[in-house]
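Undergrad: Guided by the hints, dock chain D onto chain S, whose structure is given.
There are 2 protein chains.
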Amino acid sequence: MKSTIAFVGVGRMGANMARRLKEQGYAVTAVYDRHAPSAKELAAEIGASVCTELAAVTAAADVIFTVVTDDASQRGVFAATGDSLLVKAAGKTFINCATISPAVHVEIEAAAQKVGAHSLEACMASSIPQALAGTLYLMCGGDQAVFERLKPVLTELSDQGKLLRYIGPAGTAGQVKALVNMVMNINTAGLAEGLGLGATLGLDPKMLLEVFSQTGANSRVVATDGEDMINRDHSCYFSAAHAAKDSGIALALGVEKGLSLPLAAATKAQYDRLVALGCGALDKSGIAELTFPARKGTGG
Amino acid sequence: MKSTIAFVGVGRMGANMARRLKEQGYAVTAVYDRHAPSAKELAAEIGASVCTELAAVTAAADVIFTVVTDDASQRGVFAATGDSLLVKAAGKTFINCATISPAVHVEIEAAAQKVGAHSLEACMASSIPQALAGTLYLMCGGDQAVFERLKPVLTELSDQGKLLRYIGPAGTAGQVKALVNMVMNINTAGLAEGLGLGATLGLDPKMLLEVFSQTGANSRVVATDGEDMINRDHSCYFSAAHAAKDSGIALALGVEKGLSLPLAAATKAQYDRLVALGCGALDKSGIAELTFPARKGTGG
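For the record, the sequence lines run as chains S and D. Residue numbers for the first sequence follow my numbering, so the first one is 1 and each next one is one higher. Residue numbers for the second sequence follow my numbering, so the first one is 1 and each next one is one higher.
Hints are supplied without guarantee of correctness; some may be wrong.
The list makes no distinction among identical chains, and a pair is therefore deemed to hold if it is satisfied within one copy or across any two copies.
In silico SDA-like cross-links for lysine to any residue, where the CA-CA straight-line distance does not exceed 20 angstroms [to be verified]:
no.: 1; residue 1: LYS257; residue 2: ILE230
no.: 2; residue 1: LYS151; residue 2: GLY168
no.: 3; residue 1: LYS206; residue 2: PRO293
no.: 4; residue 1: LYS22; residue 2: GLY11
no.: 5; residue 1: LYS206; residue 2: LEU164
no.: 6; residue 1: LYS206; residue 2: PRO169
no.: 7; residue 1: LYS88; residue 2: ASP233
no.: 8; residue 1: LYS2; residue 2: THR155
no.: 9; residue 1: LYS162; residue 2: GLN214
no.: 10; residue 1: LYS40; residue 2: GLU53
no.: 11; residue 1: LYS257; residue 2: ALA294
no.: 12; residue 1: LYS114; residue 2: ALA145
no.: 13; residue 1: LYS296; residue 2: ALA281
If you're looking for bench data, these hints aren't it; they were derived computationally from the structure.
So that you can see chain S by itself, here it is in the shape it has in the complex (with noise of 0.2 angstroms):
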């Protein structure tokens, strides 16, 4: 029989995994966000229950994914007391989605199975389109017993487990997908350097792009910010928030290792320039408005 899904954050990828899984025949039994229209509105839509309790949502499923923010966030649904996933919880495997340091992922496995529960790390490399059609990337990180007993749901997710991958324990899917981003957010970084210099040498910059598709100037996101960044279509499927957040996990992975990381360092401050320009919620592809002539961060 197939196991009962919940999910604790319902923003659009966890509402279009939830979605996904609802269509290939999983029962969604509850889910709970904390911006309460969000988890009414998919509730409604997929036969769920809101819940407004987190230990309600542990008592209502077998798995529970939990697709949330930041550190603070992972560390406040899994708190020791008070209302918290882990009440009663021994038994249910949850599976956490979201992009955190690798260490939170380590501390959650822990706090899992002292109160007798299991935990996955599922770290998704891949956007909102991908959830909904589940066509994502997904890394996992913990014990193997519990990603090997997971496989079904999670192949669902993954192209029919085609883009499933067991990188190894707890904290090590969480480390390759901070890297990722980290290399994904210097090649845009300097993506929108080559970009906006074209533009103000008076380069077209369709033309450029072209070339860049076509030599060593190529990379996965010439394919998909480069246009955008000219066309200043910044609406967001990554935030430039959520860069500079994992930009930083990745420099604080490599701080502690005594490791010297002038580009990652470059890009995240560029990111948080952005940020503090009020510019956070664009698409990560917004870094162009900082190099491109008379635009926003350029003082134009």
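TA: Here is chain D on its own, set in the frame of chain S:
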């Protein structure tokens, strides 16, 4: 009838271009190199004369390719006085392939026109094997009529013209090339940080590279440089010293325009550091020597 061809600068790129044109039925009549053995060896191989004076090269062919290293060498072969390609150059055409400051291409065009000659910049966004195979990505700048006239020979070098682009007036192709290399170098330096931090954290670098290649971190340099970074195979296709120079060209264009380019600046600083460590002759992938644990640039 096919134009007769000569080459100034027959390092590995120039030599392979000459071989390709010879193979396609062009008469490559003369070669010149400051490093005499390079010229002698190639001349013997393809049946060309070795010139020891630049004026003799111009006398020997209709179309003269120059494939030199930097601004000073490019200006040197087109000197206004003394031995120079411009001596009795009326009616001749020069195709200049080095990655140099865009303003130097403009200077050379003016100097050539003054003596009744023509010039075209043909910037190559590919490497040594592509030169031999005739599959160079060629970006051309200069008078469009000159470009059209040279199409037959340029076509033989650029995958039957599929990789041939007319960009605009003199200097513009050099600008695009500088931007391509700037972005490529940023991506390279960023990849080295991602893989280096991963190795420091104890993650399997080959797993990490595979994940990068399948996610938003992917880029052309993941494919061209990733394994070399892991295996420390830095045999040279495009040297760290060239990367430092090219990043410098783009940065200078930015500074001229008052544009802040923190990623490009951080990348140039890394390549400068590598050169200062005596590693300028390594391939650009050698930048990973600065970011992997227990390597040269990390005190290892």
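Undergrad: Work down the list of hints and note, for each, if the structure agrees.
TA: Hints, verified against the model:
1. LYS257 <-> ILE230: between (38 angstroms within a copy, 19 angstroms between copies)
2. LYS151 <-> GLY168: Result: close within a single copy only, 15 angstroms intra versus 55 angstroms inter.
3. LYS206 <-> PRO293: Result: close within a single copy only, 16 angstroms intra versus 40 angstroms inter.
4. LYS22 <-> GLY11: Answer is within: at 16 angstroms inside a copy they meet the 20 angstroms cutoff, but 63 angstroms across does not.
5. LYS206 <-> LEU164: Intra 35 angstroms, inter 17 angstroms, cutoff 20 angstroms: inter-copy only.
6. LYS206 <-> PRO169: Only across copies: LYS206 and PRO169 sit 17 angstroms apart there, 44 angstroms inside one copy, limit 20 angstroms.
7. LYS88 <-> ASP233: neither (47 angstroms within a copy, 55 angstroms between copies)
8. LYS2 <-> THR155: within (13 angstroms within a copy, 61 angstroms between copies)
9. LYS162 <-> GLN214: For LYS162 and GLN214, only the inter-copy Cα distance (11 angstroms) is at most 20 angstroms; the intra-copy one is 28 angstroms.
10. LYS40 <-> GLU53: within (14 angstroms within a copy, 83 angstroms between copies)
11. LYS257 <-> ALA294: between (40 angstroms within a copy, 12 angstroms between copies)
12. LYS114 <-> ALA145: within (17 angstroms within a copy, 78 angstroms between copies)
13. LYS296 <-> ALA281: within (15 angstroms within a copy, 41 angstroms between copies)
Hint 7 from the earlier list is the only one contradicted by this structure; the remaining hints agree with it.
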